[in-house]
Each structure stands twice: as C-alpha cells, then as structure tokens.
Amino acid sequence: MTTAVPTRLPGLVTVVLGVVLSLVAGAASGVPGDPDPVGEWPLRPVPEVMAPFDPPTSPYGPGHRGVDLAGRTGQTVHSALPGTVTYAGQLAGRGVVVVGHGATRTTYEPVTATVSVGDRVPAGTPLGSLELSGSHCFPRACLHWGWIDGETYLDPLRLVGAGPVRLLPLWSEPPAPSSTAPRARPLPFLLPLPYAGWLPLWEALHRALPLIRPGGAPVGRHGAGGRW
1 MTTAVPTRLP GLVTVVLGVV LSLVAGAASG VPGDPDPVGE WPLRPVPEVM APFDPPTSPY
61 GPGHRGVDLA GRTGQTVHSA LPGTVTYAGQ LAGRGVVVVG HGATRTTYEP VTATVSVGDR
121 VPAGTPLGSL ELSGSHCFPR ACLHWGWIDG ETYLDPLRLV GAGPVRLLPL WSEPPAPSST
181 APRARPLPFL LPLPYAGWLP LWEALHRALP LIRPGGAPVG RHGAGGRW
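With my numbering applied, the sequence shown covers 1 to 228.
One or more hints might be untrue.
[Claimed, not checked] Label pairs and their calculated CB-CB ranges:
| hint | residue 1 | residue 2 | range |
| --- | --- | --- | --- |
| 1 | D34 | G93 | 35 to 43 Å |
| 2 | R44 | S133 | 21 to 29 Å |
| 3 | P35 | G124 | 25 to 33 Å |
| 4 | P139 | L91 | 16 to 24 Å |
| 5 | P62 | G118 | 13 to 21 Å |
| 6 | P59 | P122 | 29 to 37 Å |
| 7 | D54 | R120 | 16 to 24 Å |
Think of the hints as simulated: they come from the structure by calculation, not from any bench.
No experiment lies behind these values; they were computed from the predicted model shown.
The beta carbon of each residue, even a glycine, is placed where N, CA and C say it ideally should be.
Please construct the entire structure, taking both the sequences and the accompanying hints into account.
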C-alpha cells in the first residue's frame with residue numbers, strides 16, 4: 001500500500017518560516033538605534049528645569065510630554081537642532097513654534113515667533129521670544145520644550161545630555177509595585193464553575209508543568225509587548 005504524501009506541507013513550512021522571520025524582525029527592531037543627536041539648550045544660559053519629562057501611560061492619560069525650563073518674559077528662544085520650521089503661530093491660545101528635523105521635531109511654547117514656516121534654521125537660531133501668557137509655570141515664565149518622533153514623545157533633555165534614556169514604550173503599562181511578599185503564579189487558565197473542586201488538582205499540575213516542558217520554561221507569563 002502506498003502512503004500518500006501531504007501536498008500542503010510546503011505551504012505549512014512557508015507559514016511557519018514567515019512567523020519565525022517576523023519574530024526575528026520584531027526582536028531586531030527592539031535593538032537600540034543611532035545615538036541621540038547633540039543639540040543645544042533653547043534658553044541661554046543653561047536654565048533651571050522646572051518640570052521634567054513624565055510621559056503618560058496611555059495616549060490620553062495624564063503626564064508631562066516635554067520639559068519646562070525657567071525663563072523670563074521676552075527671553076530669546078533658540079532652535080535646539082538644525083531643521084526647518086514647520087509651524088509658527090497661535091495654537092490653543094498660545095504661541096507655538098515647531099521645527100522639523102527629519103524623523104523628529106522639536107516644539108517650543110509659549111513663544112512669539114520671529115521665524116516663518118519653511119525657514120531653514122541652524123542649531124542655535126533664534127526662533128522668537130518667550131511669552132508669559134500660556135506659561136505652564138504661571139505666574140512665572142517658562143518654556144515648554146518638546147521632542148517628538150512620529151507620535152512618540154521623547155525626553156528633550158537627552159539632546160543636551162541631561163536626560164535619562166527610557167527603554168520602555170511610551171504607552172507601556174506602569175510597572176507593578178515591588179513587594180517582598182511571595183506571590184502565587186497565575187494558573188494557565190481558570191476552570192469554569194461548577195468544577196471549582198478541581199482547583200487543587202490543577203494547581204498541582206501547574207506546578208509540574210515547568211518540569212515537563214522542554215527547557216523548563218515557566219508558564220503563566222506573558223510578554224510585555226502590545227500596541228499603545
């Protein structure tokens with residue numbers, strides 16, 4: 001008797017290979033890229049940081065999407081990096097200047113702009129003067145300085161070597177508070193009622209799973225990945 005050879009095996013191999021390659025590509029994308037560009041402080045002399053970068057844990061959650069730098073009304077605001085002015089005008093009742101730098105852009109507010117959209121500006125170019133109206137530090141004047149990559153907010157202090165590098169995604173869940181109390185590992189899945197009496201048996205099975213899995217990989221753990 002002749003055994004039939006599955007004809008769909010190559011297709012299955014192709015699918016599996018595609019999944020593996022996608023996982024490899026995803027892992028590669030998590031490798032740190034080019035180092036941060038070297039920029040300049042937008043206020044001179046080096047200002048006091050009134051409020052540091054504190055990104056939200058969700059797209060619309062509370063947080064501080066930039067830094068506030070102490071200044072004085074009328075003080076000159078400079079471009080932190082070379083680029084092209086992409087916005088200069090009023091936005092939500094305050095003066096805003098945005099400078100594009102290729103994949104990223106820096107924002108400055110509240111500022112009375114002295115540049116126009118399309119102007120090419122070297123690093124250190126005056127962009128305008130600091131306003132009091134719209135200040136995050138009112139009644140004190142301060143500059144809200146932001147740095148954005150696509151839709152991801154970054155710490156602009158990294159441009160001047162004064163900010164920490166955050167390796168977590170912007171919209172990642174906040175880390176759970178540390179505790180010295182032992183915590184039970186979660187079950188792989190919950191048993192539906194009325195089979196709650198089986199719970200001790202499943203707990204024993206769950207404890208044995210790492211011993212019978214190849215490599216002894218722990219169960220009940222999930223990756224921290226996910227879209228924002």
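Now for the hints, and whether the structure bears them out:
1. D34 / G93: 35 to 43 Å: The hinted range 35 to 43 Å holds for D34 and G93, with Cβ atoms some 37 Å apart.
2. R44 / S133: 21 to 29 Å: holds, 22 Å
3. P35 / G124: 25 to 33 Å: violated, 20 Å
4. P139 / L91: 16 to 24 Å: The hinted range 16 to 24 Å holds for P139 and L91, with Cβ atoms some 22 Å apart.
5. P62 / G118: 13 to 21 Å: violated, 35 Å
6. P59 / P122: 29 to 37 Å: At 34 Å between Cβs, range holds.
7. D54 / R120: 16 to 24 Å: violated, 32 Å
The structure fails hints 3, 5 and 7 (numbered hints given earlier, in ascending order).
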